[in-house]
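Asks: Per full-length UniProt numbering, the very first residue in the sequence shown carries number 1; after that it's consecutive.
Hints were generated in silico from the structure; no laboratory data involved. Ideal Cβ positions, reconstructed from N, Cα and C, are used throughout, including at glycine. Hints may be right or wrong, so weigh each one.
25 Å max Cα-Cα, derived SDA-like pairs, lysine to any residue [claimed, not checked]:
(1) LYS302 with ASN405
(2) LYS318 with PHE287
(3) LYS78 with ARG393
(4) LYS78 with ASN261
(5) LYS8 with ALA127
Now the in silico label distances, taken between C-beta atoms and shown as ranges [unchecked claim]:
(6) SER298 with ILE31: 48 to 56 Å
(7) GLY230 with SER48: 17 to 25 Å
(8) SER434 with TYR271: 34 to 42 Å
(9) CYS47 with ASP177: 34 to 42 Å
(10) ASP6 with LEU183: 49 to 57 Å
(11) ASP443 with ASP123: 37 to 45 Å
(12) LYS293 with LEU183: 50 to 58 Å
(13) ARG237 with ASP6: 50 to 58 Å
(14) LYS355 with ASP123: 31 to 39 Å
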Amino acid sequence: MFVNDDKKILAIVGGGSVSVSVVCQLVDEIIGAGGCDIGCVHIFEPCSRIGAGLAYQLDGPSNLLNTRAAAMSPIHSKPDHFIKWLRANEDKWEAFFPQVVISDEVFLPRGLFGLYLENIFQDAKQALHALGIPVHHVRSMVTGMVVMNSGYLLRTCDERFFADNVVLALGNLQSSDWKHLLLEPGFFTSPYPCSTLVKNVHDLQSVCVLGSGLSAIDAVVALADAGHQGKLIMASRGGRLPSVRGNQSARCSSRTFTRENIRALIKRSHYHLSLAQVYQLLVDEVFQLQGFKVDIDSILHKDAGPHHYLDIEVRDAKGQERVWQSVLYSLNESIDLIWHYLDDVDKARFEAEFKSQWLAYRVSFPMQNAIKLQTLIHNDQLTVFGGVRRTWRDRSSSQFATCINDPRRSFRATIYSDVLINSAVFTTDVTRCSSALVRQMLDSGLAAAHPFGGIDVNFHTNELRTCTGALLPGVYALGALTSGTHFWTNAMNVNARLASNIVRLLVQPARVESHGLLLLPNTASTQVSSKLTVQAARPDKGDQA
1 MFVNDDKKIL AIVGGGSVSV SVVCQLVDEI IGAGGCDIGC VHIFEPCSRI
51 GAGLAYQLDG PSNLLNTRAA AMSPIHSKPD HFIKWLRANE DKWEAFFPQV
101 VISDEVFLPR GLFGLYLENI FQDAKQALHA LGIPVHHVRS MVTGMVVMNS
151 GYLLRTCDER FFADNVVLAL GNLQSSDWKH LLLEPGFFTS PYPCSTLVKN
201 VHDLQSVCVL GSGLSAIDAV VALADAGHQG KLIMASRGGR LPSVRGNQSA
251 RCSSRTFTRE NIRALIKRSH YHLSLAQVYQ LLVDEVFQLQ GFKVDIDSIL
301 HKDAGPHHYL DIEVRDAKGQ ERVWQSVLYS LNESIDLIWH YLDDVDKARF
351 EAEFKSQWLA YRVSFPMQNA IKLQTLIHND QLTVFGGVRR TWRDRSSSQF
401 ATCINDPRRS FRATIYSDVL INSAVFTTDV TRCSSALVRQ MLDSGLAAAH
451 PFGGIDVNFH TNELRTCTGA LLPGVYALGA LTSGTHFWTN AMNVNARLAS
501 NIVRLLVQPA RVESHGLLLL PNTASTQVSS KLTVQAARPD KGDQA
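When you get a sec, could you build the whole thing from the sequences and use the hints?
Replies: See the structure below:
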């Protein structure tokens with residue numbers, strides 16, 4: 001391994017959409033700054049291609065984005081980059097998706113966005129090479145990291161790599177909750193890729209999908225599109241399907257939730273926001289935009305079972321403008337600020353009482369897939385349950401057994417299926433994730449679990465906090481790893497904004513745009529706490545990156 005003493009080595013751990021966001025914005029930042037002290041970039045990603053990751057891998061056309069094409073971009077300063085790229089590069093995607101018609105408002109296949117990510121990564125890689133910064137794809141998983149006097153040592157299964165700066169872009173964290181079923185035939189740890197799933201499930205087999213969110217919908221729709229005739233079940237704890245994205249949801253320009261307005265509100269509120277205050281802001285914003293008072297009950301339909309709820313959602317999404325939906329999406333611009341200035345009591349209350357509702361209404365899905373689910377339900381092929389308690393392999397029947405206790409429907413039973421698909425594959429609880437790197441960092445004290453999910457990072461810089469509370473200089477995290485600090489890290493534009501801030505720090509450390517109220521330099525992160533063990537060993541001679 002070669003250590004360049006004149007130029008810095010940047011390591012990016014993970015090769016999905018957030019990693020691409022960092023690399024693409026790195027190019028623009030370096031050009032704007034007229035240079036930087038980064039000598040090379042190592043990207044650690046076991047897959048053969050960088051860009052799509054698990055979320056956007058090439059798959060069936062029924063796996064749709066839940067954001068309109070014109071609002072998808074990993075580049076903060078270019079929010080319409082995806083749609084412009086599609087129109088300028090038809091030769092790079094038409095063969096894969098010949099039936100796709102491009103428009104600003106359409107919900108496109110997730111795999112198409114993955115192709116786009118792979119292509120713009122290659123463009124950014126070439127641009128960095130032209131700037132004298134080679135990008136190396138290391139096809140290994142990072143399993144550990146230790147502190148050195150001059151930087152960090154990243155460990156894979158058989159090599160070690162030095163880095164001055166590290167960006168952790170691990171994507172969604174895989175849960176370790178289903179270990180007892182891993183070796184059972186007929187159990188799928190994930191619905192993806194759905195194209196592989198449908199090939200391995202017999203048309204007449206009964207299928208239970210654990211979960212009722214977007215991934216579960218992808219699995220059910222893919223099976224139905226492939227002609228599956230067996231019984232389909234979606235079973236989750238809450239039994240709540242997402243809301244349906246309105247056909248007439250006009251994009252609103254938020255008057256209330258711009259970062260500038262929220263910063264001003266925070267100052268007026270003495271640097272504290274309450275849940276009640278935020279709720280009233282939402283209600284007032286919807287009223288201002290639609291011209292009449294919001295009827296919350298007509299949105300929530302708390303007493304409706306999942307089947308009736310879907311009928312209501314399809315009807316309402318077809319027939320009226322869903323201003324409330326547009327307002328919820330507009331929160332992306334400032335949602336991290338709002339979350340940061342709630343106190344821990346309100347955060348805990350939100351997590352316990354309102355988060356499941358937030359997810360159901362904020363994470364909507366396109367009408368075309370909603371109609372497919374509705375048809376399956378009306379034909380008695382699909383049933384949606386809440387109240388999942390546990391699941392296991394029933395040896396007497398050789399089927400999977402799932403225990404259901406759904407008080408809303410007064411239904412209690414054990415349901416049996418030939419196939420079990422885990423769509424609830426991700427977690428924000430780092431103590432339950434399967435990542436060897438995250439576990440090692442927690443065990444060694446280099447990272448600390450955040451009480452509201454992910455690991456603890458500095459709100460302004462995204463630098464990690466160690467178990468002592470000290471900042472780990474030059475080590476940054478993005479995406480699901482920062483969910484406790486930034487809350488809504490599911491959204492592409494939120495991650496793009498946070499990535500742009502990290503890139504600015506990497507290239508011009510004194511010019512960081514604070515996500516709080518002030519413009520701050522990168523202070524308070526000059527050294528690791530003396531309580532943290534620092535390994536001074538240099539990399540072994542002869543190791544090559």
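Asks: Tell me the hint numbers this structure goes against, listed in increasing order.
Replies: 3, 7 and 9
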